[in-house]
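These protein sequences, in sequence, are chains F and D. Each residue of the first sequence is one higher than the one before, counting from 1 in our numbering. Each residue of the second sequence is one higher than the one before, counting from 1 in our numbering.
What the hints contain is simulated information worked out from the structure, not anything from laboratory work. One or more hints might be untrue.
No distinction is drawn between identical chains; accordingly, a pair holds when it is met within one copy or between any pair of copies.
Think about it this way: if two alpha-carbon atoms lie no more than 25 Å apart in a straight line, the pair counts; the simulated DSS-like pairs of lysine-lysine are [what the hints assert, rightly or not]: (1) LYS66 x LYS440; (2) LYS226 x LYS249; (3) LYS56 x LYS66; (4) LYS163 x LYS226; (5) LYS32 x LYS440; (6) LYS403 x LYS325.
Protein chains: 2
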Amino acid sequence: VKTRSEYRKVTPEIISSLVEIVGEKDVLTGDKCFNYSKDEEIVAETHVPEVVVRPKDTASVARILKLADEGCIPVVPRGGGTGLSGGVVPVHGGIVISLEKMNKILEVDDDNFVATVQPGVTLAELYEAVESRGLYYPLFPGETNATLGGNVSTNAGGMRAIKYGVTRNFVLGLEVVLPGGDIIRTGGKYVKCSTGYELTQLLAGSEGTLAIITEIMLRLVPLPGKREVLCIPFPNLSDAINAVPAILKDGIIPVGIEWMEKSLIDLVKRFTGKEVPLRDYEAFLMIILEAGSEEEFLSISGRIEETCRKRGATDIFIPGTERAKRNLFEVREQFHTMLTHCNVIGTADIVVPRSCIVQLLEKSREKAADYDVIILAFGHAGDGNLHLYLVNEEGNISQEQTKELFKKIYELGVSLGGTISGEHGLGLSKKGYFPLAADKEKIDLLRRVKLAFDPNGIMNPGKIFDLDGD
Amino acid sequence: VKTRSEYRKVTPEIISSLVEIVGEKDVLTGDKCFNYSKDEEIVAETHVPEVVVRPKDTASVARILKLADEGCIPVVPRGGGTGLSGGVVPVHGGIVISLEKMNKILEVDDDNFVATVQPGVTLAELYEAVESRGLYYPLFPGETNATLGGNVSTNAGGMRAIKYGVTRNFVLGLEVVLPGGDIIRTGGKYVKCSTGYELTQLLAGSEGTLAIITEIMLRLVPLPGKREVLCIPFPNLSDAINAVPAILKDGIIPVGIEWMEKSLIDLVKRFTGKEVPLRDYEAFLMIILEAGSEEEFLSISGRIEETCRKRGATDIFIPGTERAKRNLFEVREQFHTMLTHCNVIGTADIVVPRSCIVQLLEKSREKAADYDVIILAFGHAGDGNLHLYLVNEEGNISQEQTKELFKKIYELGVSLGGTISGEHGLGLSKKGYFPLAADKEKIDLLRRVKLAFDPNGIMNPGKIFDLDGD
């Protein structure tokens with residue numbers, strides 16, 4: 001296993017070989033590499049790669065990986081660069097393989113409800129291609145410029161997990177290239193499979209540390225009926241969150257249930273001037289529903305209203321026009337952007353059993369108060385995934401203290417039966433906290449699995465865990 | 001890596017140690033081991049284990065595995081023994097660890113919709129426990145005496161995959177013991193997780209070759225509404241199967257769509273005397289639906305009828321009473337038992353993209369005819385999983401020819417974009433065909449993954465693939 005000092009540098013010979021494989025204009029060096037040094041994380045560590053290469057086909061990826069593996073040069077696969085954990089930061093330098101030119105939708109098979117795409121296809125492109133065929137890819141991790149390769153690598157989640165699950169639930173098969181250059185195919189156009197180990201799901205969520213994804217088969221579903229959204233204000237967050245199990249036990253399966261608090265709504269108002277309905281209440285649930293007909297929608301929303309009113313809801317707001325509906329979604333989607341205006345010292349993407357959301361939030365805020373830190377938060381009430389933004393307006397917290405506070409919050413999440421990242425991945429910025437969620441025996445096992453794919457440790461080194469760590 | 005000759009025998013000292021771990025009455029030797037020599041496969045290879053041990057807790061499993069690993073003795077975990085691929089046959093002797101006494105339902109958490117069970121809990125026990133709490137475990141692989149540990153190990157599928165998927169889609173987390181005795185926990189009470197490699201899904205479907213499952217967290221859903229079944233006759237199988245994509249494209253998501261042919265219906269009639277409705281037609285679709293209300297059911301069944309009549313359906317039969325409905329399900333469930341009365345030379349559990357079912361079946365029958373073999377078949381039209389029973393009434397086919405014919409049929413399935421086993425697993429009896437579906441590079445990768453978990457190769461050796469094969 002290579003440690004940092006043993007990785008080799010990219011030599012002029014390597015550059016020549018890369019040019020031979022992909023052509024001169026797809027080998028970027030010098031200043032042109034700056035755009036490949038980070039992702040969209042707010043507080044980010046950046047590293048400029050030695051070279052960026054943009055292959056157009058699987059065979060080229062295989063040749064590049066063979067070259068890198070033989071030369072012991074780190075390789076970092078990169079999609080849309082929209083990640084939030086520094087997963088694409090080339091922390092040991094080396095080669096960034098950008099999949100931006102492998103962006104073809106290879107097939108939309110409407111008999112078997114499967115789309116086959118290259119990894120550089122964006123979510124926006126996929127939505128358009130399948131919806132024009134009367135089919136639907138239901139996952140919505142939020143950023144439609146994200147690529148499918150990145151979505152699969154981080155197992156992206158989003159707002160529709162109650163009904164549809166997460167990215168891995170839609171990945172039927174993959175073509176990947178191993179570090180030595182071998183091309184492996186997994187899965188196929190079927191849901192049922194008991195033929196050997198489930199490599200598809202092992203690769204999904206592996207953050208580019210095992211292999212490079214060069215083709216993805218995605219499960220599609222029929223276009224849903226009417227999509228509606230309900231906004232339900234509660235006197236406090238606790239009542240709002242506690243209504244969720246009651247809604248679900250009533251047999252209703254919404255697409256998603258988001259929670260939001262007044263503090264964030266006020267922030268949107270402050271920075272955008274946008275009027276948000278019901279913004280005088282302390283907390284909301286935003287419930288996204290799909291229904292086959294107006295009648296079905298009215299029946300479901302009536303049941304939800306009854307359940308929520310019994311648990312303290314003071315009103316129910318159903319936007320009457322498409323514009324009002326869009327407005328509500330936009331408010332939700334702007335939270336991340338709005339928060340970049342604050343003095344954010346770091347973010348967390350914890351997941352806990354959904355019954356523990358309030359407990360996690362209240363206790364985290366208590367701990368944060370000791371450090372002059374406030375926590376702005378929003379998240380997915382239906383699936384227990386919270387997005388915490390730690391803000392220190394005074395700017396008086398040290399890096400050491402920041403780490404200490406995050407450690408306390410993650411420990412809290414784990415003690416409640418949760419884990420560190422629900423949908424962003426550990427990447428570079430969260431890996432230091434991984435031992436809080438996984439004991440030594442488990443991380444050692446992951447290291448052995450990693451080496452089964454990547455014996456020289458060249459694949460996206462320094463992410464998730466260190467190979468030579470303890 | 002150990003080859004067969006290097007595995008050691010169970011010594012009297014090992015027996016004494018096992019007695020010390022689990023107590024005398026849960027260490028079985030001699031004749032008492034006969035019941036642990038096979039599963040429910042029709043044409044089965046049997047091997048009697050040297051010793052059977054029945055631990056009651058995880059700590060005991062860990063001690064047994066440590067002992068076996070140090071002694072280099074093969075270990076075969078066993079659940080209900082209802083498998084169909086010889087996955088629990090102790091082909092190299094050694095220790096069978098029967099999980100039959102680890103049969104507690106540890107928790108049904110109705111806030112988070114999660115059941116936590118030990119591996120020896122049967123499906124029947126799970127159904128009862130969760131339904132009494134108003135929750136539902138929707139998978140129905142067919143045999144309710146199967147244990148959850150076995151279901152997870154083979155990634156059991158069943159008749160409800162269109163709406164619900166397969167076992168792996170319901171496994172949220174596991175506790176497993178590795179060969180050295182380390183206890184590892186994966187996942188938790190959440191759907192979203194991007195924290196390290198997805199070990200839960202790698203272990204699910206690994207047929208006991210990586211670790212022993214000692215605890216399982218299963219996702220539950222709300223109890224569904226009305227369950228109804230439609231039986232729709234078609235003039236031929238091709239028309240029946242071709243109606244399936246049209247039904248699904250209409251936005252309807254049935255629980256399952258089964259197809260069946262006259263030849264099998266006649267067999268049920270012949271062996272049970274049971275009257276089956278509409279048995280004069282060549283082929284049927286049996287469509288299982290869940291609906292929130294009678295109105296919704298009538299609306300959906302009306303749309304299905306219209307779609308099917310356009311594609312040649314001559315009638316639609318909706319059983320009017322619970323008894324008639326039950327009768328229909330029973331006919332379907334008896335196929336496997338009925339077929340044991342025929343001279344079955346082997347079975348296949350192929351999955352193909354659902355648009356290829358007819359093609360696979362017709363071409364397989366052509367190939368079988370050359371060998372005086374007829375193929376009786378039924379299966380899951382919605383998900384492309386077929387159950388083929390090869391019958392040679394004359395008894396004039398050799399073992400070599402049988403293998404040759406199976407090879408041709410599997411090659412056909414793979415060439416259509418399918419694979420060898422949709423839900424039974426490869427176990428002992430299908431592993432010889434695995435190289436038809438996976439190339440050498442892929443199987444080599446699986447071997448390395450196996451060794452990351454089980455460096456001495458003691459876990460259920462000789463299943464899925466051989467460690468020392470080529």
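> If you check each hint against the structure, which ones fail?
Replying inline: 5, 6
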